[in-house]
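A.B. asks: Residue numbers (my numbering), protein chains in the order written: chain A, 1 to 113; chain B, 114 to 228.
Hints in this document: simulated from the structure, not taken from any laboratory. Predicted model only: the values in this text are computed from it and were never measured. Treat the hints with care, as some may be off.
Claimed, not checked - From chain B, some residues computed to sit far from chain A (all C-beta separations above 10 Å):
#	residue
1	Q124
2	R157
3	G166
Said to hold, decoys possible - Which residues of chain A face chain B? A partial, calculated answer using Cβ under 7 Å:
#	residue
4	A29
5	G43
6	L48
7	K49
8	T98
9	G99
10	F103
11	L109
12	V111
Claimed, not checked - What follows is a list of derived Cβ distance ranges for each label pair:
#	chain 1	residue 1	chain 2	residue 2	range
13	B	Q130	A	R77	43 to 51 Å
14	A	S14	B	A165	25 to 33 Å
15	B	S197	A	P40	19 to 27 Å
16	B	T133	A	G53	21 to 29 Å
Glycine is no exception: its CB is placed at the ideal position from the N, C-alpha and C atoms.
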Amino acid sequence: AQSVTQPDIHITVSEGASLELRCNYSYGATPYLFWYVQSPGQGLQLLLKYFSGDTLVQGIKGFEAEFKRSQSSFNLRKPSVHWSDAAEYFCAVGSSNTGKLIFGQGTTLQVKP
Amino acid sequence: NAGVTQTPKFQVLKTGQSMTLQCAQDMNHEYMSWYRQDPGMGLRLIHYSVGAGITDQGEVPNGYNVSRSTTEDFPLRLLSAAPSQTSVYFCASSRSGGTSNTEAFFGQGTRLTVV
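Given the sequences, and given the hints that come with them, work out the whole structure.
C.D. replies: What follows is the structure, encoded as structure tokens:
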């Protein structure tokens, strides 16, 4: 079955510290992978995406993610977190034939001053 | 560019009432989808469409109907609202082809409460 797992429901980091949000997927075909961010009361904004090629992808707001096929993972990282990064983060795997996305449960990031 | 527009933003329904959530996109995207977001469950796919006249069920389709008569519009109908349908609903669109330009664009959501 196709699925996405985000093991961490809630993460708290200090401002300026590094961040890694975990994402594991199960998908039969070549995965199209995405990270979205959602601020309270807002819609979803795309941070970055992976389709093929270089397994380390750069996104907006200083985020990056690494695709590891052997581990079925697509973890999101940021070297230095800012208070404005506090939000909910969703990992998703997508189908190129239908546009459907399967989302993980989400990880809420809290940033301590 | 308006992108994906959802109306209304907020709605309160009584159990048993019906209503339609509107979704329109102006990017000429072939693919459109409806999701519901519930705490701790991420977003779950309700229905999706790969083009005008073509729709299919997602993970949680019961209690909802959709149609796609034009490329731009993809309304979601609640037939007889139930408290279990209290949720935030998101519409998304994307272009077909699965290239590096493919990404889903989301509307701002409709917060629905069924009492």
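A.B. asks: Take the hints in turn and mark each one as holding or not.
C.D. replies: Hint-by-hint comparison with the structure:
For B:Q124, the condition that its CB be more than 10 Å from all CB atoms of chain A holds, with the nearest at approximately 15 Å. Once the 10 Å rule is applied to beta carbons, B:R157 is inconsistent with being away from chain A; the minimum gap is 7 Å. Residue placement check: B:G166 keeps its beta carbon more than 10 Å from all beta carbons of chain A (closest about 15 Å). Nearest Cβ of chain B to the Cβ of A:A29: about 10 Å, over the 7 Å cut. The hint is violated.
The beta carbon of A:G43 is positioned within 7 Å of a beta carbon in chain B (closest approach about 5 Å), and the interface hint is therefore held. Restraint check, A:L48 versus chain B: the minimum CB separation of about 10 Å is more than 7 Å; hint violated. Evaluation of the A:K49 hint against chain B yields a held restraint, the C-beta minimum of about 6 Å falling below 7 Å. Restraint check, A:T98 versus chain B: the minimum CB separation of about 6 Å is within 7 Å; hint holds.
For A:G99, the interface hint holds, the least distance from its beta-carbon to any beta-carbon of chain B being 3 Å, beneath 7 Å. At a threshold of 7 Å, the smallest CB-CB gap from A:F103 to chain B is about 4 Å, leaving the interface hint in force. For the restraint placing A:L109 at the interface with chain B, the shortest Cβ-Cβ distance is roughly 15 Å, beyond the 7 Å limit, so the hint is violated. Against a cut-off of 7 Å between C-beta atoms, the interface hint on A:V111 is violated, since the closest Cβ of chain B lies about 21 Å away.
One distance hint, 43 to 51 Å for the beta-carbon pair B:Q130 and A:R77, holds here, with the actual separation near 46 Å. At about 50 Å, the beta-carbon gap between A:S14 and B:A165 misses the expected band of 25 to 33 Å. At roughly 24 Å, the beta carbons of B:S197 and A:P40 sit within the given window of 19 to 27 Å. B:T133 and A:G53 have their C-beta atoms about 42 Å apart, which leaves the hinted 21 to 29 Å range violated.
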